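Colleague: Chain residues, written in single-letter form:
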Amino acid sequence: MHENATILEASPRERLGSRYSRRLRTQGRLPAIVYGHKIEPTPISLDRTDACLHIEAGEKVFRIAIDGAAEPQVVLLKEIQFDYLGSNIVHADFARVDLNERVHTRVHIDLIGEAVGLKDIGAILMRPHNEIEIECRVADIPDSIEADISSLELNQTLTAAQIALPVDDMKLLSDAGTAIAQIVLQAAAKSAEAEEVEVEGEPEVLGDADEKTEETKEEKSE
Amino acid sequence: MPPGRMPKRVKFRKEFRRVRRRNATKGNYVAFGDFGLQALEGAWVKGCQIEAGRVAAQHYLKREGKLFIRVFPDKPVSKKPLETRMGKGKADVDYWAARVRPGTMLFEIAGVPEQAAKEALVRVAMKMPVKCRFVGRRVAV
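Chains as they are written, first to last, in this note's numbering: chain A, 1 to 222; chain B, 223 to 363.
Since the hints were derived computationally from the structure, they do not count as laboratory data.
On a predicted model such as this, the values are computed, not experimentally measured, just so you know.
The C-beta atom is built at its ideal place from N, Cα and C for all residues, glycine as well.
You may find that some hints are simply not true.
[Stated by the list, open to error] No more than 16 Å apart at the CA atoms, straight line, and that leaves these computed lysine to aspartate or glutamate pairs for EDC-like: (1) B:Lys297 x A:Asp83; (2) B:Lys236 x A:Asp83; (3) B:Lys297 x B:Asp316; (4) B:Lys248 x A:Asp83; (5) B:Lys230 x A:Glu204; (6) B:Lys233 x A:Glu101; (7) B:Lys233 x A:Glu202.
[To be verified] Calculated Cβ distances over 12 Å to all of chain B for the following chain A residues: (8) Arg19; (9) Leu24; (10) Gly36; (11) Pro41; (12) Arg63; (13) Asp67; (14) Lys78; (15) Glu79; (16) Asp93; (17) Asn100; (18) Thr105; (19) His108; (20) Leu125; (21) Ser144; (22) Ala164; (23) Gly207.
[What the hints assert, rightly or not] Here's a subset of chain A near chain B, in silico, CB distances under 8 Å, partners left out: (24) Leu53; (25) Glu56; (26) Phe82; (27) Tyr84; (28) Leu85; (29) Ala95; (30) Met126; (31) Arg127; (32) Glu204.
All chains should be built: construct the whole structure from the sequences, respecting the hints.
Modeller: In structure tokens form, the structure reads like this:
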């Protein structure tokens, strides 16, 4: 599958640091780093538009062709850094991998089907977690895993253990009880909110209470 | 003091004003819901403004979806009464505020379609003292 992984053209970065990274970004490049397999880390820069397009599409395995290198390296996207608004990717980490190597990665869960329980009045679909951690071969990493919720009824929860993994030797690393989707009544969801009772007047000052007790103790001793 | 959210108990009655210059480095992505309202400016958002936002969203959403409020007004802001001379100590607390930096996620919504979430959060944005934008979840690695 990943023999056809996207090829990203990269050029090595000679000058490092935030100042030079910022200059690269203004030129439409994305600073990144490639590390792993006991080889020295290689700082690189990618074409920002091209790289972000594939990363935002959920792709995780790439082939990086660095200028001057003999052949493209297969890499796994390990981490991405965003700017403070979270809208732009400012840096990416890639780890060198073999296609047959087993790695830990997180995969997005796509819910498919119309749940039976959602037909009840006031029922809402909650998604406490929308990704799971798995262990699998690099070649088998999916962009996303589909989970069918059409048979999910009211007050039922779809857990990570109930999701059918697409490949047999894929292993679930997330807690088996991790809730992926659940259908609850809006009233039940609101009961937690109702506990947040609004405070009227002034909040209690912790120091004041201690002072008052000390004062009363002093009065009694007198 | 206007009605709104405030802490139940505090360690100190008043506090310094402190600087508010930097961008948000935490609480700046959609963590609980599917869509969120993100502040693009920094400000002290009053407890009553947050409450007004909550009411506006829940009024629009009626009984659908779940609303998450990501900021809490835990900062006491004091204000001297009008026509008062300077000095004579720090004034009484006027309102409670949440410190909002550019990038802070203010509200999140789960369990409703994107269009409904957008409509609700646009109404919330009108109640906020800062410029806001509607955002979805980030790409996960």
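Colleague: If a hint holds in the structure, say so; if it doesn't, say that too.
Modeller: Quick rundown of the hints versus the structure:
no.: 1; hint: B:Lys297 x A:Asp83; result: violated (27 Å)
no.: 2; hint: B:Lys236 x A:Asp83; result: violated (34 Å)
no.: 3; hint: B:Lys297 x B:Asp316; result: holds (11 Å)
no.: 4; hint: B:Lys248 x A:Asp83; result: holds (11 Å)
no.: 5; hint: B:Lys230 x A:Glu204; result: holds (6 Å)
no.: 6; hint: B:Lys233 x A:Glu101; result: violated (54 Å)
no.: 7; hint: B:Lys233 x A:Glu202; result: holds (13 Å)
no.: 8; hint: Arg19; result: holds (19 Å)
no.: 9; hint: Leu24; result: holds (21 Å)
no.: 10; hint: Gly36; result: holds (15 Å)
no.: 11; hint: Pro41; result: holds (18 Å)
no.: 12; hint: Arg63; result: holds (18 Å)
no.: 13; hint: Asp67; result: holds (25 Å)
no.: 14; hint: Lys78; result: violated (7 Å)
no.: 15; hint: Glu79; result: violated (6 Å)
no.: 16; hint: Asp93; result: violated (9 Å)
no.: 17; hint: Asn100; result: holds (22 Å)
no.: 18; hint: Thr105; result: violated (8 Å)
no.: 19; hint: His108; result: violated (6 Å)
no.: 20; hint: Leu125; result: violated (5 Å)
no.: 21; hint: Ser144; result: violated (10 Å)
no.: 22; hint: Ala164; result: holds (20 Å)
no.: 23; hint: Gly207; result: violated (7 Å)
no.: 24; hint: Leu53; result: violated (11 Å)
no.: 25; hint: Glu56; result: holds (5 Å)
no.: 26; hint: Phe82; result: holds (7 Å)
no.: 27; hint: Tyr84; result: holds (4 Å)
no.: 28; hint: Leu85; result: holds (5 Å)
no.: 29; hint: Ala95; result: violated (11 Å)
no.: 30; hint: Met126; result: holds (6 Å)
no.: 31; hint: Arg127; result: holds (7 Å)
no.: 32; hint: Glu204; result: holds (4 Å)
Hint violations for this structure: numbers 1, 2, 6, 14, 15, 16, 18, 19, 20, 21, 23, 24, 29, all remaining hints satisfied.
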